[in-house]
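S.K.: What follows is the residue order along each chain.
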Amino acid sequence: DVKVTQSSRYLVKRTGEKVFLECVQDMDHENMFWYRQDPGLGLRLIYFSYDVKMKEKGDIPEGYSVSREKKERFSLILESASTNQTSMYLCASSPIRQGGLNEQFFGPGTRLTVL
Amino acid sequence: QQPVQSPQAVILREGEDAVINCSSSKALYSVHWYRQKHGEAPVFLMILLKGGEQKGHEKISASFNEKKQQSSLYLTASQLSYSGTYFCGTGGAGSSNDYKLSFGAGTTVTVRA
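Residue numbers (the numbering used here), protein chains in the order written: chain S, 1 to 115; chain R, 116 to 228.
Hints listed in this document are in silico derivations from the structure and should not be mistaken for laboratory results. Keep in mind that the hints are not guaranteed to be accurate.
No more than 20 Å apart at the CA atoms, straight line, and that leaves these computed lysine-lysine pairs for PhoX-like [unchecked claim]: (1) Lys215/R - Lys71/S; (2) Lys215/R - Lys57/S; (3) Lys55/S - Lys215/R; (4) Lys165/R - Lys141/R; (5) Lys53/S - Lys70/S; (6) Lys53/S - Lys215/R; (7) Lys3/S - Lys70/S; (8) Lys3/S - Lys152/R.
What the simulated footprint calls covered on chain R by chain S, stretch by stretch (three residues with Cβ under 8 Å from a Cβ of chain S suffice, anywhere in the stretch; the number is not a length) [what the hints assert, rightly or not]: (9) 157-165; (10) 214-226.
Where a beta carbon is used, it is the ideal one built from N, C-alpha and C, also for glycine.
One chain only, chain S, in its complex shape (with noise of 0.2 Å):
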């Protein structure tokens, strides 16, 4: 089984700390995503990488990057929290197979505070 873990199920930080989500998966996947999730919005992309050192911006970037130095980790960076930053995180690794058929599987999510 696909395994997607985050380093933390729920966190606490205050305004202008510098906040690290972590995301790892053991199924060798290429791509691996960070979505914000907020009720009523569904998943929104923030950041995406396809392959180690590389990276796209997703639909809300602003805030936000990135940091992928092995394959397996993906992290995400909030240099300086702000309480609009409070939301559900959630990490999602695929793999790349011929024809699109890449289902994306995701971690239990990172429940973020910011006060």
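On the provided structure of chain S, position chain R as indicated by the hints.
M.R.: Just chain R, lined up with the frame of chain S:
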């Protein structure tokens, strides 16, 4: 741009059927469907590809209308275990874009005994 899902919520009794629609304003190459139970991660149900056939998962099936840029998810003879929020994720044609999805806001399904 996010696809539009409808309805936002539906309440069913066990054994009833429901349809969830997912519409996009842009051409689609693929549509993914996921289900998320309360407090859990979204779980993959199925992918539909442009030019592909209708897919099924237990008594849940889906179709993909390329002309209308729309997919529909059919819950047949619903069971209590079908409760959750269903998300569609749409992907366009292209290289790296094949792997990025835009998700709808979700449809919350509640199945009651």
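S.K.: Any of the earlier hints contradicted here, and which numbers?
M.R.: none
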